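Novice: Take the sequences, apply the hints, and build the full model.
Okay, so the sequence shown: first residue is 237 according to this note's numbering, each after it adds one.
Hints were generated in silico from the structure; no laboratory data involved. Hints are not guaranteed to be accurate.
Cross-link-like lysine to aspartate or glutamate pairs, in silico, EDC-like; alpha carbons within 16 Å at most [as the list claims (entries may be wrong)]:
no. : residue 1 : residue 2
1   : Lys314    : Glu482
2   : Lys314    : Asp509
3   : Lys417    : Asp439
4   : Lys430    : Asp420
5   : Lys417    : Asp398
6   : Lys430    : Asp419
7   : Lys430    : Asp509
Note that the structure is a prediction, hence the values are computed from the model and not measured.
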Amino acid sequence: MLFRVVDIETATDSSAFTRGEDKWKLCPADRQRSGVVSYAVSGDVRLAYEPSMPPPQAQRVVAVAWCDVEMDPASSPKTYRFVSCETHAGWRLSTASDKVRDAERLLLHRFREAMVSRPATLVTWNGRTFDLPVLAMRALGLGVPWGWYYDSREIRYRYSTDGHCDLMDFLSDFGAVRFMKLDDVARLVGLPGKDVPGQEHIDGSMVGDIVAQSDGQENVDRVARYCLQDVLQTALLFVRTRYHLEIIDALGYSTSVGTFAGAPEVRAALPIDWSRLLLDASPVRS
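Specialist: So this is what it looks like as C-alpha coordinates:
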(Lines of atoms letter the chains of each structure in order from A and count residues from 1; the text may use other names and numbers.)
(Lines give C-alpha, C1' and ligand atoms only; values in the text may rest on other atoms or scores of the structure.)
Protein backbone atom coordinates (compact mmCIF):
# COMPACT_ATOMS: atom_id res chain seq x y z
CA MET A 1 0.00 0.00 0.00
CA LEU A 2 1.41 3.36 -1.02
CA PHE A 3 1.16 6.53 1.09
CA ARG A 4 2.08 9.97 -0.25
CA VAL A 5 2.96 12.63 2.33
CA VAL A 6 2.45 16.10 0.84
CA ASP A 7 3.05 19.72 1.86
CA ILE A 8 2.81 23.04 0.05
CA GLU A 9 4.09 26.57 0.59
CA THR A 10 2.12 29.60 -0.51
CA ALA A 11 2.16 33.37 -0.94
CA THR A 12 -0.92 35.60 -0.93
CA ASP A 13 -2.63 36.30 -4.21
CA SER A 14 -4.37 39.60 -3.40
CA SER A 15 -6.23 39.60 -6.73
CA ALA A 16 -8.41 36.74 -5.45
CA PHE A 17 -8.94 37.98 -1.90
CA THR A 18 -11.45 40.49 -0.54
CA ARG A 19 -9.84 41.39 2.77
CA GLY A 20 -12.07 41.98 5.80
CA GLU A 21 -11.65 44.50 8.59
CA ASP A 22 -8.30 44.78 10.36
CA LYS A 23 -8.10 43.07 13.75
CA TRP A 24 -5.82 44.16 16.54
CA LYS A 25 -5.00 42.45 19.83
CA LEU A 26 -2.73 42.86 22.83
CA CYS A 27 0.16 40.40 23.02
CA PRO A 28 3.50 40.03 24.84
CA ALA A 29 6.43 41.33 22.79
CA ASP A 30 8.24 37.98 23.00
CA ARG A 31 5.29 36.24 21.33
CA GLN A 32 5.09 38.50 18.33
CA ARG A 33 5.30 36.58 15.07
CA SER A 34 7.56 37.67 12.23
CA GLY A 35 5.90 39.94 9.68
CA VAL A 36 3.33 41.24 12.18
CA VAL A 37 2.87 45.00 12.49
CA SER A 38 2.84 46.09 16.14
CA TYR A 39 3.02 49.18 18.35
CA ALA A 40 4.29 49.42 21.93
CA VAL A 41 1.59 50.03 24.55
CA SER A 42 3.46 49.74 27.84
CA GLY A 43 6.38 47.69 29.07
CA ASP A 44 6.51 44.38 27.24
CA VAL A 45 2.94 44.62 25.97
CA ARG A 46 2.32 45.54 22.34
CA LEU A 47 -0.76 46.14 20.23
CA ALA A 48 -0.35 43.85 17.26
CA TYR A 49 -2.12 43.48 13.95
CA GLU A 50 -1.85 40.07 12.40
CA PRO A 51 -3.40 39.79 8.92
CA SER A 52 -6.06 37.11 8.66
CA MET A 53 -5.24 33.97 6.75
CA PRO A 54 -6.36 34.35 3.12
CA PRO A 55 -8.90 31.74 1.94
CA PRO A 56 -7.81 28.83 -0.30
CA GLN A 57 -8.32 30.57 -3.64
CA ALA A 58 -6.02 33.42 -2.55
CA GLN A 59 -3.07 31.17 -1.63
CA ARG A 60 -0.67 31.11 -4.58
CA VAL A 61 1.29 27.86 -4.57
CA VAL A 62 5.04 28.52 -4.69
CA ALA A 63 6.29 25.08 -3.62
CA VAL A 64 5.05 21.52 -3.38
CA ALA A 65 6.88 18.51 -1.95
CA TRP A 66 5.96 14.91 -1.34
CA CYS A 67 7.40 11.72 0.07
CA ASP A 68 6.24 8.22 -0.90
CA VAL A 69 6.10 5.58 1.82
CA GLU A 70 5.13 1.98 1.13
CA MET A 71 3.71 -0.56 3.56
CA ASP A 72 4.03 -4.23 2.70
CA PRO A 73 1.62 -6.20 4.93
CA ALA A 74 3.40 -9.44 4.04
CA SER A 75 6.81 -8.24 5.22
CA SER A 76 8.21 -9.46 8.50
CA PRO A 77 8.29 -7.35 10.51
CA LYS A 78 5.56 -5.19 8.99
CA THR A 79 7.39 -2.09 7.76
CA TYR A 80 6.61 1.36 6.35
CA ARG A 81 9.44 1.79 3.87
CA PHE A 82 10.77 5.06 2.47
CA VAL A 83 10.45 4.96 -1.34
CA SER A 84 11.31 8.43 -2.67
CA CYS A 85 10.86 12.15 -2.15
CA GLU A 86 10.89 15.25 -4.30
CA THR A 87 10.34 18.95 -3.96
CA HIS A 88 9.56 21.65 -6.50
CA ALA A 89 9.46 25.42 -6.07
CA GLY A 90 9.27 28.42 -8.34
CA TRP A 91 7.62 31.77 -8.87
CA ARG A 92 8.02 34.83 -11.03
CA LEU A 93 8.14 38.44 -9.95
CA SER A 94 7.66 39.73 -13.49
CA THR A 95 4.71 42.06 -13.97
CA ALA A 96 3.57 39.74 -16.74
CA SER A 97 0.79 37.77 -15.05
CA ASP A 98 1.15 34.87 -17.49
CA LYS A 99 4.69 34.21 -16.20
CA VAL A 100 3.39 34.04 -12.63
CA ARG A 101 0.59 31.71 -13.67
CA ASP A 102 2.89 29.46 -15.69
CA ALA A 103 5.19 28.89 -12.71
CA GLU A 104 2.32 27.89 -10.46
CA ARG A 105 0.62 25.82 -13.15
CA LEU A 106 3.79 23.77 -13.57
CA LEU A 107 3.84 22.93 -9.84
CA LEU A 108 0.20 21.83 -9.96
CA HIS A 109 0.78 19.69 -13.05
CA ARG A 110 3.73 17.95 -11.40
CA PHE A 111 1.70 16.94 -8.38
CA ARG A 112 -1.29 15.94 -10.50
CA GLU A 113 0.95 13.72 -12.61
CA ALA A 114 2.18 11.94 -9.48
CA MET A 115 -1.38 11.33 -8.24
CA VAL A 116 -2.67 10.15 -11.62
CA SER A 117 0.28 7.97 -12.61
CA ARG A 118 0.63 6.34 -9.20
CA PRO A 119 -2.40 6.87 -6.93
CA ALA A 120 -1.69 6.84 -3.20
CA THR A 121 -3.32 7.46 0.15
CA LEU A 122 -2.48 11.04 1.10
CA VAL A 123 -0.92 12.01 4.42
CA THR A 124 -0.81 15.67 5.51
CA TRP A 125 -0.57 17.94 8.52
CA ASN A 126 -3.65 20.18 8.44
CA GLY A 127 -4.06 19.25 4.79
CA ARG A 128 -7.82 18.80 5.00
CA THR A 129 -8.38 22.48 5.71
CA PHE A 130 -5.34 23.97 3.97
CA ASP A 131 -3.10 22.10 1.51
CA LEU A 132 -5.70 20.11 -0.40
CA PRO A 133 -8.36 22.86 -0.72
CA VAL A 134 -5.64 25.30 -1.81
CA LEU A 135 -4.39 22.92 -4.49
CA ALA A 136 -7.94 22.28 -5.70
CA MET A 137 -8.93 25.95 -5.89
CA ARG A 138 -5.70 27.05 -7.57
CA ALA A 139 -6.11 24.21 -10.09
CA LEU A 140 -9.63 25.47 -10.74
CA GLY A 141 -8.34 28.98 -11.39
CA LEU A 142 -5.45 27.87 -13.59
CA GLY A 143 -7.37 25.31 -15.61
CA VAL A 144 -5.47 22.26 -14.37
CA PRO A 145 -7.65 19.07 -14.41
CA TRP A 146 -8.16 17.86 -10.85
CA GLY A 147 -10.56 14.95 -11.15
CA TRP A 148 -8.41 12.64 -9.01
CA TYR A 149 -9.31 14.75 -5.96
CA TYR A 150 -13.07 14.46 -6.45
CA ASP A 151 -13.24 10.90 -7.81
CA SER A 152 -12.76 9.36 -4.37
CA ARG A 153 -15.00 10.38 -1.48
CA GLU A 154 -12.40 9.12 0.99
CA ILE A 155 -9.85 11.81 0.08
CA ARG A 156 -12.17 14.57 1.33
CA TYR A 157 -14.17 12.71 4.00
CA ARG A 158 -13.04 13.90 7.43
CA TYR A 159 -13.67 10.81 9.56
CA SER A 160 -11.82 8.23 7.49
CA THR A 161 -8.11 7.74 6.83
CA ASP A 162 -8.66 5.40 3.88
CA GLY A 163 -7.92 8.02 1.22
CA HIS A 164 -6.37 10.82 3.26
CA CYS A 165 -4.90 10.86 6.75
CA ASP A 166 -4.71 14.39 8.13
CA LEU A 167 -2.43 13.71 11.07
CA MET A 168 -3.20 16.98 12.84
CA ASP A 169 -6.95 16.41 12.67
CA PHE A 170 -6.58 12.76 13.66
CA LEU A 171 -4.32 13.41 16.65
CA SER A 172 -6.63 16.24 17.75
CA ASP A 173 -9.57 13.80 17.78
CA PHE A 174 -11.19 15.68 14.90
CA GLY A 175 -11.44 18.98 16.74
CA ALA A 176 -12.20 17.64 20.23
CA VAL A 177 -8.95 19.15 21.53
CA ARG A 178 -6.82 22.10 20.47
CA PHE A 179 -5.08 21.76 17.11
CA MET A 180 -1.33 21.28 17.39
CA LYS A 181 1.57 22.67 15.39
CA LEU A 182 3.76 20.34 13.37
CA ASP A 183 6.83 22.01 14.89
CA ASP A 184 5.74 21.12 18.43
CA VAL A 185 4.70 17.53 17.77
CA ALA A 186 7.82 16.89 15.68
CA ARG A 187 10.01 17.95 18.60
CA LEU A 188 7.89 15.81 20.94
CA VAL A 189 9.05 12.63 19.15
CA GLY A 190 12.68 13.70 18.68
CA LEU A 191 12.58 15.48 15.31
CA PRO A 192 14.13 18.96 14.87
CA GLY A 193 10.94 20.77 13.85
CA LYS A 194 11.47 24.21 12.34
CA ASP A 195 14.87 24.73 13.98
CA VAL A 196 16.99 22.38 11.89
CA PRO A 197 20.56 22.13 13.22
CA GLY A 198 23.05 24.21 11.24
CA GLN A 199 20.39 25.84 9.05
CA GLU A 200 18.42 29.08 9.11
CA HIS A 201 15.05 29.15 10.83
CA ILE A 202 12.16 29.25 8.35
CA ASP A 203 8.48 28.85 9.02
CA GLY A 204 5.39 29.27 6.87
CA SER A 205 4.85 32.89 7.91
CA MET A 206 8.23 33.81 6.35
CA VAL A 207 7.66 32.29 2.90
CA GLY A 208 5.69 35.28 1.59
CA ASP A 209 8.57 37.60 2.46
CA ILE A 210 11.11 35.30 0.77
CA VAL A 211 8.95 35.21 -2.36
CA ALA A 212 8.69 39.01 -2.32
CA GLN A 213 12.49 39.39 -2.17
CA SER A 214 13.28 37.77 -5.53
CA ASP A 215 12.84 34.64 -7.60
CA GLY A 216 16.57 34.00 -7.67
CA GLN A 217 17.71 30.39 -7.43
CA GLU A 218 18.98 30.82 -3.87
CA ASN A 219 15.54 31.84 -2.59
CA VAL A 220 13.79 29.15 -4.62
CA ASP A 221 16.13 26.55 -3.11
CA ARG A 222 15.46 27.88 0.41
CA VAL A 223 11.71 27.45 0.03
CA ALA A 224 12.03 24.07 -1.73
CA ARG A 225 14.30 22.76 1.05
CA TYR A 226 11.99 24.02 3.80
CA CYS A 227 8.96 22.43 2.14
CA LEU A 228 10.76 19.08 1.82
CA GLN A 229 11.91 19.21 5.44
CA ASP A 230 8.31 19.58 6.59
CA VAL A 231 7.28 16.66 4.39
CA LEU A 232 10.01 14.34 5.69
CA GLN A 233 9.21 15.17 9.30
CA THR A 234 5.51 14.57 8.66
CA ALA A 235 6.38 11.23 7.04
CA LEU A 236 8.46 10.16 10.04
CA LEU A 237 5.72 11.32 12.39
CA PHE A 238 3.25 9.24 10.35
CA VAL A 239 5.47 6.17 10.85
CA ARG A 240 5.59 6.91 14.59
CA THR A 241 1.78 7.01 14.73
CA ARG A 242 1.65 3.56 13.10
CA TYR A 243 3.58 2.25 16.10
CA HIS A 244 1.42 4.32 18.45
CA LEU A 245 -1.68 2.64 16.96
CA GLU A 246 0.01 -0.80 17.23
CA ILE A 247 -0.17 -1.33 13.47
CA ILE A 248 3.56 -2.12 13.61
CA ASP A 249 5.65 -3.33 16.51
CA ALA A 250 8.86 -1.87 17.93
CA LEU A 251 11.05 -3.84 15.52
CA GLY A 252 8.88 -2.79 12.59
CA TYR A 253 9.13 0.83 13.70
CA SER A 254 12.93 0.80 13.98
CA THR A 255 13.17 -0.98 10.63
CA SER A 256 10.88 1.63 9.08
CA VAL A 257 12.92 4.52 10.48
CA GLY A 258 16.05 2.79 9.21
CA THR A 259 14.79 2.99 5.62
CA PHE A 260 14.67 6.78 5.99
CA ALA A 261 18.04 6.98 7.75
CA GLY A 262 19.63 4.94 4.99
CA ALA A 263 18.32 7.12 2.15
CA PRO A 264 20.95 9.64 0.91
CA GLU A 265 18.26 12.11 -0.22
CA VAL A 266 16.75 12.18 3.26
CA ARG A 267 20.11 12.71 4.95
CA ALA A 268 20.99 15.49 2.50
CA ALA A 269 17.70 17.32 3.08
CA LEU A 270 17.26 17.01 6.83
CA PRO A 271 19.94 16.57 9.52
CA ILE A 272 18.40 14.29 12.16
CA ASP A 273 19.71 12.76 15.35
CA TRP A 274 18.38 9.31 14.45
CA SER A 275 19.07 7.91 17.91
CA ARG A 276 16.41 10.24 19.34
CA LEU A 277 13.76 8.56 17.19
CA LEU A 278 14.49 5.08 18.51
CA LEU A 279 12.21 3.54 21.11
CA ASP A 280 12.90 2.16 24.54
CA ALA A 281 10.77 -0.97 24.24
CA SER A 282 11.74 -2.35 27.65
CA PRO A 283 8.79 -2.89 30.05
CA VAL A 284 8.10 -0.24 32.66
CA ARG A 285 8.77 -1.53 36.18
CA SER A 286 7.16 -0.05 39.25
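Novice: Taking the numbered hints from earlier one at a time, note which ones the structure violates and give those numbers from smallest to largest.
Specialist: Hints 2, 5 are the ones this structure does not satisfy, whereas the remaining hints hold.
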